[in-house]
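Based on the provided sequences and hints, a complete structural model is requested.
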Amino acid sequence: MKVMCAMSGGVDSSVAALLLKRAGHDVVGVTMKLWGGDSDTGCCSVSDVDDARRVAQQLGIDHLVFNFADDFNEHVVAPYVDSHARGLTPNPCIECNRSVKFARLAERAELLGFDAVATGHHARVGQTGAGGYTLERGADAAKDQSYVVHMLDQAQLARTMFPVGGIQKSEVRELAAEIGLRTADKPDSQDVCFITSTAGRTTFLGERIPFRPGRVVDTDGLHVGDVASVEMVTVGQRKGLGLSGGGPKRYVVDVDMDTQVVTIGNEDQLLGPGMNVGSVTWVDEPVSGPVLVQCSAHGESRVAVIRSTGVDGDTVIDVQWDEPQRRIAPGQSVVFYDLADTRVLGGGTAL
Amino acid sequence: MAADSLIGVTETAITYLDHAASAPMRPEAIEAIMPFLTGNYANPSGSHRFARRTRQAIDEARDQVAVVIGCRPNEVVFTGCGTESDNTAISGAVARRGGVAVCSAAEHPAVLQVVEHLGGRVVGVDASGRIDLEQLASTLAAEDNVAIVSVMAVNNEVGTITDLAEVGKIVRRHAPGALLHTDAVQAVCWLDLRQVTPEVDLLSLSAHKFGGPKGVGILIERGGPQIEPLIIGGGQERERRSGTQNTAGIVATAVALELTDRERESEAIRLSELRDRLVAGLQRQIEGIVETVVPDRKVAGSAHVCIAGVESEALLYLLDEANVCASAASACASGAMEPSHVLAAMGVDRGVALGALRLTLGYTTTESDIDRAIEVIDSAVRKLKR
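Those sequence lines, one after another, are chains A and B.
Each residue of the first sequence is one higher than the last, beginning at 1 in the working numbering.
Each residue of the second sequence is one higher than the last, beginning at 1 in the working numbering.
Rather than coming from a laboratory, the hints here were simulated on the basis of the structure.
Heads up, the beta-carbon is just placed ideally off N, CA and C, and yes, glycines get one too.
Hints are all accurate, no fakes.
FRET-style restraints, in silico, Cβ to Cβ: (1) B/M34 with A/R208: 57 to 65 Å; (2) A/R201 with B/A127: 37 to 45 Å; (3) B/G243 with A/Q58: 28 to 36 Å; (4) B/S266 with A/Q58: 42 to 50 Å; (5) A/R54 with B/G243: 25 to 33 Å; (6) A/R182 with B/D296: 49 to 57 Å; (7) B/M34 with A/R201: 57 to 65 Å; (8) B/A142 with A/Q190: 47 to 55 Å; (9) A/Q190 with B/M34: 51 to 59 Å; (10) A/R201 with B/D349: 31 to 39 Å; (11) B/D349 with A/P210: 27 to 35 Å; (12) A/G242 with B/E228: 52 to 60 Å; (13) A/N276 with B/D349: 36 to 44 Å.
As structure tokens, this is what we get:
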């Protein structure tokens with residue numbers, strides 16, 4: 001097959017390209033230029049592109065750079081900033097997968113005559129007997145990334161490959177080291193690629209949206225502290241709330257953007273019976289009933305019953321936990337797995 | 001020609017329409033370079049007979065270059081590349097004279113970025129990429145002290161020719177103390193530099209654009225030292241540019257320049273016919289294709305088009321797959337294609353500019369290259385538009 005392998009310059013996508021080449025595919029490596037500003041991790045720095053290109057040269061495959069900076073800004077950065085302004089806690093990596101890697105890049109790959117797009121994600125594409133596809137957790141449970149690619153549907157899975165999804169991360173590094181790939185011991189990327197660790201999220205957002213101060217109150221309405229910006233407060237947060245020390249652990253249990261009030265409470269008050277999930281996509285057919293639900297990239301999945309409810313014409317999934325769970329910050333991705341905790345069923349965004 | 005193992009294809013299998021990026025080295029230049037790579041390695045600044053021979057080779061090369069450019073040999077400074085020549089001219093003028101640098105918005109980054117870095121003024125261009133003369137006049141009139149005005153002789157992306165005599169008149173009228181520099185890197189193959197040089201004080205060239213080697217640039221500094229050197233040290237090149245001379249490259253550059261000059265008029269006629277055939281062929285086959293600049297405003301070897309509904313990055317991939325070498329805009333450090341600042345300055349809509357395709361012809365271009373390019377581009381565009 002003719003496969004376009006998205007190469008970030010990291011070890012996973014380097015080995016993905018290696019495995020595709022070994023499997024006899026006609027492979028072309030592509031690095032996407034996504035962000036024109038400062039960056040210290042992820043896919044955008046010149047040195048990451050250098051790494052990807054050098055690995056491609058070592059593997060004897062062509063390497064291209066595609067400039068998707070406009071798309072990235074429109075579909076990832078701008079919505080990220082806008083979501084924060086609305087008090088949400090977005091996951092830009094998931095939006096990048098949804099709108100750039102598995103949309104813009106995949107469309108271009110198809111246009112250029114490629115049969116599939118491969119990435120270095122630790123997830124697996126399986127086949128059902130009926131000619132359909134499944135999306136499964138990666139073989140390395142600790143590195144599983146099925147959460148961040150949960151939005152793939154049948155048509156996309158038919159044209160998607162995850163070459164390292166079936167092996168352990170340690171094997172990925174061994175394979176890279178064996179043939180002397182320069183990315184073999186490169187650290188895993190962390191955090192959001194368009195925000196530098198030195199400047200940080202607050203600086204990045206502060207340059208783009210007006211911050212409004214917030215009053216911090218307890219569940220009885222008593223004023224206990226102040227924050228510089230309600231936009232930077234997330235449900236479940238414990239630190240940076242301007243509270244006096246001591247006493248039991250206190251968490252943000254609610255943020256009211258309109259009145260600029262942050263409510264804090266103890267751990268019990270953070271717990272809730274369930275939530276609503278919008279913007280839902282399904283890997284195959286819509287699912288209802290008992291499932292496992294995961295609400296962060298490496299969080300645990302918990303049992304819940306899900307059912308579809310219509311709100312203003314949009315499908316909303318009502319999630320009811322088996323037992324009360326901590327509240328999920330609105331904007332976070334919520335992913336549904338089967339009860340065996342291996343297959344992704346679908347997912348959406350916490351409302 | 002011999003198979004090139006690094007690129008894995010024979011050169012004859014390639015349809016190379018990217019001469020403005022780099023021209024193939026002329027065989028005569030390769031022949032001239034070899035003795036200095038294999039045998040004559042002496043430092044031209046040395047004081048023995050071996051060194052005197054390399055020194056003589058450089059002196060002779062300088063004489064040859066001066067004849068083609070239309071200047072005196074002692075006005076020729078050999079540098080490391082065209083970008084160095086541009087940097088030296090602009091930074092050196094500002095360092096020596098104070099005041100601001102001024103350039104057009106369509107300049108090559110080797111000029112534009114330097115002017116912006118030094119806090120200079122950037123003057124707009126018209127829809128063909130020619131500097132807006134009225135705006136230039138008002139910009140110069142508004143400044144107390146203009147160190148240098150830099151306007152390219154020929155635009156590297158769209159091929160537009162600047163009337164430097166007109167620019168010179170405005171500079172003399174509104175900023176009489178300013179130097180006039182031209183980046184003539186893209187002009188060598190098409191314009192008689194003897195006509196260009198008298199209009200300017202400083203002129204930059206790059207050897208690999210006309211069949212010389214990479215790593216050699218030329219800066220013409222007319223009428224004695226006008227600017228501060230950028231690279232200081234051992235005082236080579238009459239203290240205009242220190243660093244041991246690249247004897248081999250300089251000798252080959254002179255050979256390539258002389259050949260280019262000798263063939264210039266006949267090649268311009270031949271290649272403008274091929275260029276017209278190329279553009280006409282593309283226009284016949286492809287809907288929604290627009291020639292960016294009309295032929296009579298640009299050099300013979302330049303074909304720049306914008307194709308509606310097609311993205312350059314995707315198109316270039318398919319052309320590359322079919323062994324057709326072309327380009328779009330300039331690439332950034334990562335290798336990603338950047339939206340063209342030249343097209344933006346010309347007022348070309350960003351969506352249209354995304355479909356830019358630059359095809360540049362040169363001395364090795366043949367009729368069959370052109371016919372093959374039309375066929376390959378047509379089929380690639382069909383694939384992308386389906």
